[in-house]
Amino acid sequence: KNQVEQSPQSLIILEGKNCTLQCNYTVSPFSNLRWYKQDTGRGPVSLTIMTFSENTKSNGRYTATLDADTKQSSLHITASQLSDSASYICVARLGRGNKLTFGTGTQLKVEL
Amino acid sequence: DTGVSQDPRHKITKRGQNVTFRCDPISEHNRLYWYRQTLGQGPEFLTYFQNEAQLEKSRLLSDRFSAERPKGSFSTLEIQRTEQGDSAMYLCASSSRRNDGTPRVLTFGAGSRLTVL
Numbered sequence: 001k002n003q004v005e006q007s008p009q010s011l012i013i014l015e016g017k018n019c020t021l022q023c024n025y026t027v028s029p030f031s032n033l034r035w036y037k038q039d040t041g042r043g044p045v046s047l048t049i050m051t052f053s054e055n056t057k058s059n060g061r062y063t064a065t066l067d068a069d070t071k072q073s074s075l076h077i078t079a080s081q082l083s084d085s086a087s088y089i090c091v092a093r094l095g096r097g098n099k100l101t102f103g104t105g106t107q108l109k110v111e112l
Numbered sequence: 001d002t003g004v005s006q007d008p009r010h011k012i013t014k015r016g017q018n019v020t021f022r023c024d025p026i027s028e029h030n031r032l033y034w035y036r037q038t039l040g041q042g043p044e045f046l047t048y049f050q051n052e053a054q055l056e057k058s059r060l061l062s063d064r065f066s067a068e069r070p071k072g073s074f075s076t077l078e079i080q081r082t083e084q085g086d087s088a089m090y091l092c093a094s095s096s097r098r099n100d101g102t103p104r105v106l107t108f109g110a111g112s113r114l115t116v117l
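Order-wise, the sequence lines are chains A and W.
Just so we're aligned, residue 1 is where the first sequence starts under this note's numbering, counting upward by one.
Just so we're aligned, residue 1 is where the second sequence starts under this note's numbering, counting upward by one.
The hints are simulated quantities; they were obtained by calculation from the structure and are not laboratory data.
Misleading hints may appear alongside valid ones.
Straight-line distance between alpha carbons at most 27 Å, and here's what the computed DSS-like set of lysine-lysine pairs gives [what the hints assert, rightly or not]: (1) A:K109 <-> A:K17; (2) W:K71 <-> W:K11; (3) W:K14 <-> A:K99; (4) A:K109 <-> A:K57; (5) W:K57 <-> A:K99; (6) A:K17 <-> A:K57.
Computed far set for chain W versus chain A, every beta-carbon distance over 12 Å [to be verified]: (7) Q41; (8) G42; (9) S62; (10) S66; (11) F74; (12) G85; (13) P103.
Computed beta-carbon distance windows for the label pairs [unchecked claim]: (14) W:H10 <-> A:T70: 21 to 27 Å; (15) W:E52 <-> A:L11: 41 to 47 Å; (16) W:K71 <-> A:Q22: 41 to 47 Å; (17) W:V105 <-> A:P8: 23 to 29 Å; (18) A:I12 <-> W:T76: 37 to 43 Å; (19) A:T78 <-> W:N99: 36 to 42 Å; (20) W:P8 <-> A:S10: 38 to 44 Å; (21) W:L117 <-> A:Q72: 41 to 47 Å.
Just so you know, these numbers come straight off a predicted model, no measurement behind them.
Every residue gets a Cβ at the ideal spot worked out from N, C-alpha and C, and that includes glycine.
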C-alpha cells in the first residue's frame, strides 16, 4: 500500500530557532516528492518539488532533502518566524498516473 | 488572475440534502483536481480532469458524488443525499504542463468546508 508517514505529529519551537520535519514514504514506483505548507482553513501551498534524481532543494528559509534509496525526506526551516506556524505536508507522487499520496502533516507552532 | 477560487467557502446542510461546490481554476491550467480533507488528515484524491475530460476517479467517489467540467474551465462537484460522513473540506486544485519538463505544480484553492448535520 502506498503510504506517506510524517514525524513529529506536532512541534512547538521558539521564534528564530531552526527545526527539521521528517517524512518516510513507501510509494512505488516513485516519481517525485513534494512539501506543502497549509495554513489553518486554507488550501496547501507548494514549497518544493524534488524528483528521484535530486537530493536537495531550497526555497528561501525552507530546505528539503531527499534520499530515494532509504525513501526518506526532510524539511528544514531556518530562523523560524511566527508566520511559519502551519501544517507541513509531505506528498509523494506515483511514477504512473496522476495520484498524489499525502501525509497527515506536521503541525508546527512558532511562539515568541 | 487571482488563483483558484472555490465557492461557497462554507456550507452547512441537513443529512439527505444535495450540495454543489464550484471551482474556478487558473485560466491557463488545463488540469483540474478535486480532493477531500478531513480534520487532522492530508487531502485524499477524488478525481481529476484534463480539459473537459474526466480521466481518473478514486474509489472514494461513490455514486452519490459527481463532478463535471463541461467547457474545460470551471468545475462543479455535487454530492447527493449527503451523509454525516461527507463532512470535510473539499479542495480544488489546478495545474498546467511546464515547458521545462519539470513536474506540474498544483495550485490549490482555499477549499469549501461542508458540515452535514
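To see whether the hints hold, each was checked on the structure:
1. Restraint check: the Cα-Cα separation between K109 of chain A and K17 of chain A comes to about 12 Å, which is no more than 27 Å; the hinted pair holds.
2. Between K71 of chain W and K11 of chain W the CA atoms are separated by roughly 25 Å; this keeps the pair inside 27 Å, and the hint holds.
3. Proximity of K14 of chain W to K99 of chain A is assessed by CA-CA distance (about 32 Å); at most 27 Å being required, the pair is judged violated.
4. Taking the CA atoms of K109 of chain A and K57 of chain A, the gap is about 23 Å. The hint holds against a cut of 27 Å.
5. Distance check on the hinted pair: K57 of chain W and K99 of chain A sit about 10 Å apart at the alpha-carbon level, within 27 Å; holds.
6. Distance restraint check for K17 of chain A and K57 of chain A: the Cα-Cα separation of roughly 20 Å lies within the 27 Å cut-off, and the hinted pair is therefore satisfied.
7. A cut-off of 12 Å between C-beta atoms contradicts the statement that Q41 of chain W is not in contact with chain A; the least separation is 5 Å.
8. The Cβ of G42 of chain W does not lie farther than 12 Å from every Cβ of chain A; its closest approach is about 3 Å, which violates its non-interface assignment.
9. Every C-beta of chain A lies more than 12 Å from that of S62 of chain W, the closest at about 18 Å, which supports listing it as non-interface.
10. Non-interface call for S66 of chain W relative to chain A: holds, since the shortest CB-CB distance, roughly 20 Å, exceeds 12 Å.
11. Every CB of chain A lies more than 12 Å from the CB of F74 of chain W, the least distance being 17 Å, so the non-interface label holds.
12. Distance check for G85 of chain W against chain A: the nearest CB is about 18 Å away, which clears 12 Å, and the non-interface claim stands.
13. Not every CB of chain A lies more than 12 Å from the CB of P103 of chain W, the least distance being 5 Å, so the non-interface label is violated.
14. The supplied range of 21 to 27 Å is broken by H10 of chain W and T70 of chain A, whose beta-carbon atoms lie about 42 Å from each other.
15. For the pair E52 of chain W and L11 of chain A, the supplied restraint of 41 to 47 Å holds, since their beta-carbon distance comes to about 43 Å.
16. The supplied range of 41 to 47 Å is met by K71 of chain W and Q22 of chain A, whose beta-carbon atoms lie about 43 Å from each other.
17. Evaluation of the 23 to 29 Å hint for V105 of chain W and P8 of chain A yields a pass: the beta carbon distance comes to about 27 Å.
18. Between I12 of chain A and T76 of chain W the CB atoms are about 40 Å apart, so this pair conforms to the stated range of 37 to 43 Å.
19. Taking the beta carbon of each, T78 of chain A and N99 of chain W are about 31 Å apart, not inside 36 to 42 Å as hinted.
20. Judged by the Cβ atoms, the range 38 to 44 Å given for P8 of chain W and S10 of chain A is violated: they are separated by roughly 30 Å.
21. At roughly 42 Å, the beta carbons of L117 of chain W and Q72 of chain A sit within the given window of 41 to 47 Å.
The structure is inconsistent with the numbered hints 3, 7, 8, 13, 14, 19 and 20, although it conforms to all the rest.
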